[in-house]
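J.: Residue numbers (my numbering), protein chains in the order written: chain F, 366 to 711; chain V, 366 to 711; chain P, 366 to 711; chain B, 366 to 711.
Rather than coming from a laboratory, the hints here were simulated on the basis of the structure. No experiment lies behind these values; they were computed from the predicted model shown. It is possible that part of the hints are untrue.
Repeated chains share a single entry, so a pair holds when one copy, or any two copies, can fit it.
Stated by the list, open to error - Below, simulated DMTMM-like cross-link-like pairs (lysine to aspartate or glutamate); rule was C-alpha separation at most 20 Å, straight line:
(1) K432 to E388
(2) K384 to E454
(3) K432 to D416
(4) K371 to E580
(5) K384 to D667
(6) K384 to E440
(7) K513 to E388
(8) K564 to E537
(9) K442 to D425
(10) K435 to E477
(11) K392 to E689
(12) K442 to D544
(13) K432 to E443
(14) K384 to E509
(15) K513 to E443
(16) K392 to E444
(17) K371 to E443
(18) K432 to E472
(19) K432 to D422
Protein chains: 4
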Amino acid sequence: MIVVMKTTATQGQILAVQKRIRELGFKDHLSAGAERTVIGVLGGVYAELQDEFAVLDGVDTVVRITKPFKLASREVKEEDTVVRVGPLEIGGGRLVVIAGPCSVDTEENVMETARAVKAAGAHMLRGGAFKPRTSPYAFRGHGETGLKILAQARAETGLPIVTEVMDARDVELVAGYADVLQIGSRNMQNFALLDEVGKARKPVLLKRGMWATVEQWLLAAEYVLSEGNPDVILCERGIVSHETGTRFTFDINAIPLVKRLSHLPIIGDPSHATGKWYLVEPIAIAAVGAGADGLIIEVHPDPDHALSDGPQSLTPENFRKLMERVRAVALAAGHPVQPPPGAGGK
Amino acid sequence: MIVVMKTTATQGQILAVQKRIRELGFKDHLSAGAERTVIGVLGGVYAELQDEFAVLDGVDTVVRITKPFKLASREVKEEDTVVRVGPLEIGGGRLVVIAGPCSVDTEENVMETARAVKAAGAHMLRGGAFKPRTSPYAFRGHGETGLKILAQARAETGLPIVTEVMDARDVELVAGYADVLQIGSRNMQNFALLDEVGKARKPVLLKRGMWATVEQWLLAAEYVLSEGNPDVILCERGIVSHETGTRFTFDINAIPLVKRLSHLPIIGDPSHATGKWYLVEPIAIAAVGAGADGLIIEVHPDPDHALSDGPQSLTPENFRKLMERVRAVALAAGHPVQPPPGAGGK
Amino acid sequence: MIVVMKTTATQGQILAVQKRIRELGFKDHLSAGAERTVIGVLGGVYAELQDEFAVLDGVDTVVRITKPFKLASREVKEEDTVVRVGPLEIGGGRLVVIAGPCSVDTEENVMETARAVKAAGAHMLRGGAFKPRTSPYAFRGHGETGLKILAQARAETGLPIVTEVMDARDVELVAGYADVLQIGSRNMQNFALLDEVGKARKPVLLKRGMWATVEQWLLAAEYVLSEGNPDVILCERGIVSHETGTRFTFDINAIPLVKRLSHLPIIGDPSHATGKWYLVEPIAIAAVGAGADGLIIEVHPDPDHALSDGPQSLTPENFRKLMERVRAVALAAGHPVQPPPGAGGK
Amino acid sequence: MIVVMKTTATQGQILAVQKRIRELGFKDHLSAGAERTVIGVLGGVYAELQDEFAVLDGVDTVVRITKPFKLASREVKEEDTVVRVGPLEIGGGRLVVIAGPCSVDTEENVMETARAVKAAGAHMLRGGAFKPRTSPYAFRGHGETGLKILAQARAETGLPIVTEVMDARDVELVAGYADVLQIGSRNMQNFALLDEVGKARKPVLLKRGMWATVEQWLLAAEYVLSEGNPDVILCERGIVSHETGTRFTFDINAIPLVKRLSHLPIIGDPSHATGKWYLVEPIAIAAVGAGADGLIIEVHPDPDHALSDGPQSLTPENFRKLMERVRAVALAAGHPVQPPPGAGGK
């Protein structure tokens, strides 16, 4: 970290900054230029420190020169993290596709969707038993009953399950059914929940907060990693912006940026990021082109009658077409879709 | 709600929309124009419904004509809600000021701050025992020990306490000490937590999510209200934007907009919204000018050594000056500062 | 347009709205529901009208049901517009790639770049002779001298030229050299300039304002179209957001959204949208995957010494690699790269 | 400027950076830490330089330690700039209020408005003869005829005129009538126009681009200042954000931030920033509270029939009430409203 003094800073102010650096257990390195003095802070600095120096008398600005995340950083761990879910690998260079209804509504719909997405080549099944809803009057999920329906779908199709946990008190329950624990966008900085899934022994799918910078997102991952759970899959799902023609703005830049800053796998969610089913396929293909390790896509046998997010759900037929295009483009882009579970030698 | 059909919509598509409206238990009202047909949906529509119709064949757009919040709406309840905390009134036309350290660090600092802000005319004491921190490596609060320090400060000064609860599991614990339960910005859509404080018998200070629209914020309030807790105080604390010169963008427009849409009281937090102590006073005065019912301000006896958010904390002396200016401007603006608890003839 | 009255609106207020509708030359259509009255406004309504009704007494909200753009709209013109530049077609299903230096610096560099991008398969040459710069102290372009260098590069390589015009007074001059007139992001709502290029007989490359919604962007295109110039190529180049890790946020959603709303071709500019050369290739591939009709990419023989935007420029070697990947992915995505000018029969 | 090398940077990469610094005419100052090397760049660095170093091999990040604006900076000029318009002073500690219709429609309306705002105590008259409009089909102003109407209103009332110029070709014409040249938000980075008003001998009211950071805004002011025109008045008028309940987000933080960074006066435009007449008064008061040097407010004798922006215009009666509240609050806030022109001795 570097403390830049004002051109008008006095010798006393410079000394006071140096004193404060040492009080906090860091080393200082002074560089007196013609115009102004600059003081380096050496040691294990953390993000909040920047603000602490910024308000000292005579200080102009304070600049960080290290990233605030450590375990999530590619500087710390060079090679890509590969998260394993049964026979599947996320982050190992071959694409995975997670598909299913937004929320678990009826057993029939979930089973029908599970069969359809498996037939189309999906690798995992998604579906919400606990649903975050902007309005308290909307459908909020079937809870454990929903989890049981998902487990049944897994038993029949062999597809591992990704499902959201919204409450730290439910982590154990959900982890008893799910193969991957999903943290929703609105909970990206629910630190109690992050701590809890950090202690769980299941991979975590961490959606980006719709307000978060990539750096804040990697710090949220750091919460999970620092509790001892190394299996974090990041998921870009759109950020807020001034554009009103789509539900969110899918931050495609974030995919290669995360790849550069971190070793963690990252997948894209074109369904929530657009809010419109007819934008899902092009954005899915775009995410693959940008280097995503996978996709998570909403599919419902009857989107018009889905209990939530129908407008952004694909029909099984549209999903089948999407998978065909994804396969072709992923191959051309050099990171082919991996064989679905149970495929291959069987 | 109004479903606008495309100019090219067929008779069959129009009938299908009408059928769907009736299936969902609503009434339809058709208006066939020269260019296109428009279908009204009558009944207790909810936000998600808009999307469900938007994807039907032949539909161009769907427009909502009612607000999705009810209990929080001024259409439903005309007169201002006044939240009472002991002898204090929030929302009754006279300003309250909440002040104190960002986080509870040492007993000495909290006691010193409590005495100083009381002397300057503050009405309530704030301080965090549980702290949301972007990085897992930053100070995360003293927990119950911190709550006890706050209770002690209340015992001595008579100032009621506002403190944050971050975890649904802690609501009972925190409510045992606090006079007002604060929900932080990052938890504005932590629905498990909203449900829980909705059941508590303590007023709730609901900070705006930094990504949330005013409508989403009022829907978060609706969660609390719909659980039976009528005492919600809204708090504007800045939203994300492209401006990088300040920590957040204080949405001053939101203050009079909330006043128009809702009967709930609203206060301003200039400390978090700016992130810089030298912007706190002007933004505090601005919030008063815009019609806020109160302010919440960070004060620390030694901002340079605070365990969190030092740069945005005022010294007791600067807070005293701020209170003087706030008193003068609030009086001129027609909503004077109310007497502090224990003041007046008592 | 639909005027939604308040539940408390009086009969007199309803009549006043109807009267105003007729005064303005529109027809009204009243629909009195159980709770509230809704009044349709029939006729050639325009965007500003919405606000005019919104403030009448008793009005709750006013909702537009038609898009404000006409000539740019796919509802008005179903089939894709194909812009022709010599033998090249933009918008006809086969990709074009425009490449070259951000600004025209030296003749040597431009010629070297032109040869290199032609060799790699680019279709057109870009380069700025007039440069918009945030700071008045930065290099602002060589003006007509720069245009002559570009013309020379075209003479040698056969690549048509795309170059920016920033001032309505320069349109004639620039159109004398350029094959396509570029309007920069900052000038998307420079209406004097839009009018002028609308009168020019050269295709216009209209970059999106970094603050603009897709609707505002299409309205800017409408300015050009309504002056009689049908040849508008849209260019997504990133919007402002709260993310600070990249220069702008490339709005990938905008590509398929524009395709749905409009018949105009759209290309992507990954160089400006990211600001970092190492993000250019993945975002270029993503834009192709999302359905863009082309790409515009900065290439410089010596990015470290470029007079502007060096950090986001590719070396000729990196551009060659990018073209290889673009060709493979574009083919797989179903809209192959078109043969470069002068190729084919040779 | 400081170049931070990667922990893995080689000695050769460090030397290459030093070489490049010297090539560009700067001095370098090396500081080799335990973990990484940091190189200071000394001399008259400019904004673009940051990016040029950021892409060199082995470089982690480059941090600027000086502001890119000079003439606009308070570091360069400590004392407040006071812009004089006849007997009025903007920036001298006493508030001015500019009022009038959004666009000049009829002579009668403009004269009526001019008399009304003068009677209420306004200091200057605003009104657009050239109007930027999102849609080419909306009213675009009366041009010189409008300017003549404004001049007539000045002749009768004595109020100086503020009016917008949108085209570099019109600067001379508009400057022939106006007392203050207004640059609209959409033209904040129309550099040809900025250069031209920089050469004019009239004060410039520079509205903030709705996408611009405060730093970019001050750089736009720098364009005008660097052409020799010292009389720049900044005007905050709202920025884009994700909030859809208001037309823009009035960035109240920007007012005290500009005051700290720059010596230029700054006023607030609550009419455009909110888009709703009922939000204008509270935001006007807020701007005064935050330290603005003045206000610019839309007033129209018959807002329902205004040719543009009716919904955000006050009636003369509402403006009169606003002025009363502004006077009271401004006095309490310590920067009272200055006497209107022609008042005082008469």
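J.: Evaluate each hint against the coordinates.
T.: Checked hints:
Within a single copy, K432 and E388 get their C-alpha atoms no closer than 23 Å, and across copies no closer than 30 Å, so neither meets the 20 Å cut-off. Taking CA atoms no more than 20 Å apart as the test, K384 paired with E454 passes in neither setting, with 51 Å inside one copy and 46 Å between copies. Taking the shortest alpha-carbon separations for K432 and D416, both the intra-copy value of 15 Å and the inter-copy value of 19 Å come in at or below 20 Å. Proximity of K371 and E580 under a CA criterion of 20 Å is satisfied inter-copy only: 18 Å between copies versus 28 Å inside one chain copy.
Taking CA atoms no more than 20 Å apart as the test, K384 paired with D667 passes between copies only; the shortest distance there is 16 Å, against 67 Å inside one copy. When the C-alpha separation of K384 and E440 is checked against a cutoff of 20 Å, the pair qualifies neither within a copy, at 31 Å, nor between copies, at 26 Å. Taking the closest pair of Cα atoms, K513 and E388 never come within 20 Å of each other, the shortest separation being 56 Å inside a single copy and 29 Å across copies. For a Cα distance limit of 20 Å, the shortest separation of K564 from E537 inside one copy, 10 Å, qualifies, whereas the shortest one across copies, 24 Å, does not.
For the homomeric pair K442 and D425, the shortest alpha-carbon distance between copies (16 Å) is at most 20 Å, but the shortest distance inside one copy (34 Å) is not. Within a single copy, K435 and E477 get their C-alpha atoms no closer than 43 Å, and across copies no closer than 37 Å, so neither meets the 20 Å cut-off. Proximity of K392 and E689 under a CA criterion of 20 Å is satisfied in neither setting, with 58 Å inside one chain copy and 41 Å between copies. Taking the shortest Cα distances, K442 and D544 never come within 20 Å of each other, neither inside one copy (25 Å) nor across copies (47 Å).
For a Cα distance limit of 20 Å, the shortest separation of K432 from E443 inside one copy, 15 Å, qualifies, whereas the shortest one across copies, 36 Å, does not. Within a single copy, K384 and E509 get their C-alpha atoms no closer than 57 Å, and across copies no closer than 33 Å, so neither meets the 20 Å cut-off. Within a single copy, K513 and E443 get their C-alpha atoms no closer than 39 Å, and across copies no closer than 46 Å, so neither meets the 20 Å cut-off. Within a single copy, K392 and E444 get their C-alpha atoms no closer than 32 Å, and across copies no closer than 38 Å, so neither meets the 20 Å cut-off.
Proximity of K371 and E443 under a CA criterion of 20 Å is satisfied inter-copy only: 14 Å between copies versus 38 Å inside one chain copy. Proximity of K432 and E472 under a CA criterion of 20 Å is satisfied in neither setting, with 46 Å inside one chain copy and 33 Å between copies. Taking CA atoms no more than 20 Å apart as the test, K432 paired with D422 passes between copies only; the shortest distance there is 18 Å, against 26 Å inside one copy.
Hints 1, 2, 6, 7, 10, 11, 12, 14, 15, 16 and 18, counting from the list given before, are not met by this structure.
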